[in-house]
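Quick one: dock chain against chain with the hints and give me the complex.
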Amino acid sequence: MSSQTLLSADQLSRRFGLQTAVQSVSFSVDLGEVLGFLGPNGAGKSTTMKMLTGNLAPDSGKVLINGIDLLADPKAAKRHIGYLPENPPLYRELTVREFLSFCGQLHNLSGKQLQSAVDEVIHRCGLENMQKRLIGQLSKGYQQRCGIAQAIIHQPDVVILDEPTSGLDPIQIQQIRQLIRDIAQQHSVILSTHILPEVEMLCDRVQIMHQGQLVFSDTLQALQTQRQHAALKVAFRTPPSVNALTNLPGIINVETLTAQQFRLHFSPEQDPTDTLVQTAVAENWQLTQLTPEQDSLEQLFTQLVSQETQGEAA
Amino acid sequence: MWLVARLECYRLFMSPLAWVLMALVQLLLAYLFLTHIDYFSQVQGQIAAIPGAPGVTELIVAPLLSNMAIVLLLVTPFITMRSFAEERRNESLPLLMTAPLSVTQIVIGKYLGLMGFFVLLLLLLMLMPLSMLLGSPIDIYQLAAGFIGLLLLLSSMVAIGIFMSSLTAQPVIAAVSSFCLLFLLWIIDWTGQSDSVGSNIFSWLSLISHFEPLLRGEIFSADIIYYLLVCAAFLLMTIRRLDSLRVAS
Numbered sequence: 001m002s003s004q005t006l007l008s009a010d011q012l013s014r015r016f017g018l019q020t021a022v023q024s025v026s027f028s029v030d031l032g033e034v035l036g037f038l039g040p041n042g043a044g045k046s047t048t049m050k051m052l053t054g055n056l057a058p059d060s061g062k063v064l065i066n067g068i069d070l071l072a073d074p075k076a077a078k079r080h081i082g083y084l085p086e087n088p089p090l091y092r093e094l095t096v097r098e099f100l101s102f103c104g105q106l107h108n109l110s111g112k113q114l115q116s117a118v119d120e121v122i123h124r125c126g127l128e129n130m131q132k133r134l135i136g137q138l139s140k141g142y143q144q145r146c147g148i149a150q151a152i153i154h155q156p157d158v159v160i161l162d163e164p165t166s167g168l169d170p171i172q173i174q175q176i177r178q179l180i181r182d183i184a185q186q187h188s189v190i191l192s193t194h195i196l197p198e199v200e201m202l203c204d205r206v207q208i209m210h211q212g213q214l215v216f217s218d219t220l221q222a223l224q225t226q227r228q229h230a231a232l233k234v235a236f237r238t239p240p241s242v243n244a245l246t247n248l249p250g251i252i253n254v255e256t257l258t259a260q261q262f263r264l265h266f267s268p269e270q271d272p273t274d275t276l277v278q279t280a281v282a283e284n285w286q287l288t289q290l291t292p293e294q295d296s297l298e299q300l301f302t303q304l305v306s307q308e309t310q311g312e313a314a
Numbered sequence: 001m002w003l004v005a006r007l008e009c010y011r012l013f014m015s016p017l018a019w020v021l022m023a024l025v026q027l028l029l030a031y032l033f034l035t036h037i038d039y040f041s042q043v044q045g046q047i048a049a050i051p052g053a054p055g056v057t058e059l060i061v062a063p064l065l066s067n068m069a070i071v072l073l074l075v076t077p078f079i080t081m082r083s084f085a086e087e088r089r090n091e092s093l094p095l096l097m098t099a100p101l102s103v104t105q106i107v108i109g110k111y112l113g114l115m116g117f118f119v120l121l122l123l124l125l126m127l128m129p130l131s132m133l134l135g136s137p138i139d140i141y142q143l144a145a146g147f148i149g150l151l152l153l154l155s156s157m158v159a160i161g162i163f164m165s166s167l168t169a170q171p172v173i174a175a176v177s178s179f180c181l182l183f184l185l186w187i188i189d190w191t192g193q194s195d196s197v198g199s200n201i202f203s204w205l206s207l208i209s210h211f212e213p214l215l216r217g218e219i220f221s222a223d224i225i226y227y228l229l230v231c232a233a234f235l236l237m238t239i240r241r242l243d244s245l246r247v248a249s
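From first to last, the protein sequence lines are chains A and B.
Going by the numbering used here, the first sequence opens with residue 1, and the numbers climb by one from there.
Going by the numbering used here, the second sequence opens with residue 1, and the numbers climb by one from there.
If we strip away everything but chain B, and leave its shape as in the complex, we get (with noise of 0.2 Å):
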């Protein structure tokens, strides 16, 4: 398992796409954390009469991780896109297999491979938040649960990625469908607005509506087990779905 992990992780580091990615991510942070800053700059003055008003952290930390969030959102699956499909469309399958390893070994082992590259990409981005500490005190502890919210989102999204992937041999269609069903998850909660049951379920299974709480700070253990769930749920399809893969052709 932690073979296949460390492969799939390996190759992807291997194809110019993770460092391509990986750059134009940064790239794009790194201009909104500027505008962020220069927003702040700005009003700097007319709030620091306010008392109560919102600080640093509320007024660039908050918003530049809720940006991640959109931009993750949108990279997602050109990297999860390949994990199967990939392999499907060389034929290279039959390699993993045919070893001695089960379909779970080798579903949770690229789930956490990739997980690896994703992993590495957010600490690299909180690097832009953390380096505000030289300038004015930030607040570690909603940045902390900001990130454990990002983490979790992360890997849900990783998690619906490799099922997606996995349904089809078409690297493109699966990077296409999985980031629909991924925007589908994040907007599903604007019929929500009203108080009707259904359009509490329908924001209660939004991505982004349990994002937020932990942007604020707020860590709330119902929100966690959505993203665990969510996960888990996942990654059992595509299990499911990889046997199915022998049985029926």
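The following block holds chain A by itself, in its conformation from the complex (with noise of 0.2 Å):
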């Protein structure tokens, strides 16, 4: 690809005291790219994230923001970057518009440029009837998209969001995440979060992070493959025997979650779905529950830490 690479981090490493909370981790993000980072609670992803800031500096390693060293000359490397914390940093005592302009006034920009850029950014953020609200008196989710607007004024290179859509309802988990596709339009961005779905629907690429380590680094559609649909959650009104729901083409082991309550277990290459259907509508169970089930998250790291394991091993 032709694409220029804006970020990248080379080798990382972080102790605090003996724990080791992030070991040898490289990656590079490219131009346009939304790049998600994947794990569980206390995988390292916020120390990462930190680093690639200059909010903490690493043991070893190197970062490189659009080729400026952000170790050497981290003025000039901090220009290209926006960033918002787990906690947005905000100051509660200020309206939104003075915030927001002092930000861009951080950021170097005055005059009809920041008026510009902060109004660009209240109108992109959805803060048009907030701005001359108290910070403070905001809502969770106002405050989350006043971070995100601090971390987009001065139009970075690379926004790096650390668990945007933490702590907030769904409706406003909707918003954000429509919010963060916007910016990915015309920022590269790298997103943490521990909630799969989230990166299923943002993020060009994934990389999962355990144990302080990267365990998993490629495409979303990989990702997708190397996830197995390899149960269905069933309910029927009359239910048959689970010998019957046994002799079914397909299935390996069923489980009896209640008494009209199964998840039946099958091999990927044969998908018992429409042999199921037929003979529940033949057999007169009266199916009233078909759930495809995906792995979770939790059984996905197991697999993939394992996988890891494995290949060590051989």
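One should not assume that every hint holds.
Unchecked claim - Derived Cβ-Cβ restraints for the label pairs, each shown as a range:
1. A:290 with B:15: 56 to 62 Å
2. B:91 with A:237: 49 to 55 Å
3. B:89 with A:169: 22 to 28 Å
4. A:112 with B:127: 20 to 26 Å
Simulated from the structure, these hints should not be mistaken for laboratory data.
As the structure is a prediction and not an experimental result, all values here were calculated from the model.
For each residue, glycine too, the CB sits at the ideal point set by N, CA and C.
Structure, rendered in structure tokens:
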């Protein structure tokens, strides 16, 4: 690909006392790409992001932003990044507009340029009705938007968002995701989250961290092929015997959840859904639920981690 | 840097704390001012007869300025405690750290912002002794020396307060510890009454022993350098401290 690399991290490591938080993590982000950082809590996502933004010095390794070394020339490098930490850094006693115009000034905007940047960012983040309100009085969702607005006001090349949807209600999560999708059209985005569907919705590329190491780094499609949809959750009003279900072609195992609800495990090559539905109609089992179950994030992690260790052993 | 200073000062005035402190300091000092005047009018008749007796400036202005120093000692920790401790507690420090600013700019900016507030407070307080000009001539030069002294004293107290605030993420701990340190530096010359070398060092370290000559109207460059050294030392330590926050935590 001919695309330009905007941010690259090389062998980043960081220890806290005896505990290694991040170990030799290397990756890069290209222009216009959305990179998702996925991992359970405590996997080292936030630590990595802090190192990318110069809030934490790495023990070893290098960060290049737009070709500028963050450690050697932090001032120049920081012009190209916008960062939203886990807790949005806001001054509660300022109004939204005051705060954003201060952030713009921090990034050397002034005069008309500053005004138009503030107006634009308020518009993009849907803060029009809130611009005269004090930040301390805003709801969590609006504060989060304010945090995002702060990160993109100076049109950075790379926007780094640390768990932008944590602690929000479902509608706010929808809105924030929409906002991130908008941002992604103009900036490269690095996003961390522990919610798998979020990554599927937003990202081009996924990196999975586990215990401070990258265990997976590839495109979203590659991740989806890794995941096996090998279970069906079904419920019947007049349930058949477990044996009748087990005898269906392709079914490996039947788990009885309640008297009427079962989980059917099957081999990925042989999808039994069609036969199941036909048999259910023919035998009058009265099918009430049919849900394909995806691997949960935890399962995916254990799968990836075990693959990793197997790979090392081989 | 100026931007950080402006923001710091602006945020200070957005909070009720600054206004309340300003009002209460004025109230306290106005009361002390009145007691000094009252005392002076009582003794005025007696000292008028003595040749070379202390005048209005010595009896009212100098004690008032020294009261101001004590009240400001009590007040500065409450203002400086916010500077870094509160930012760390609200986790808003990344905003400044991610911006294209050096740590030095952040620290100096915050310092100047707080100093802006204190200079304003000091100017307001100076109106009290100046108001005496309406009724009696005072020694403007002695007052000016006292003002410079207070200003230098304040700058070092603010620098110490900012440093203590950068040590902890709890504003209250920052306030208490900077108060203790300031108070210690205040009374440290109490051991310096004897003539041994050690006690001389203690009395040299004291914040107050460098303030007293200025109060009398004597400006020594050694005193001025002492205050500038204290400021520079504590600001440098703050910068080091913030830098080290990124390295080890």
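Tested hints:
1. A:290 with B:15: 56 to 62 Å: This hint holds: roughly 59 Å between Cβ atoms.
2. B:91 with A:237: 49 to 55 Å: 53 Å, holds
3. B:89 with A:169: 22 to 28 Å: Since the Cβ atoms of residue 89 of chain B and residue 169 of chain A sit about 26 Å apart, the hinted range of 22 to 28 Å holds.
4. A:112 with B:127: 20 to 26 Å: Since the Cβ atoms of residue 112 of chain A and residue 127 of chain B sit about 40 Å apart, the hinted range of 20 to 26 Å is violated.
Taken one by one, the earlier hints fail for this structure only at number 4.
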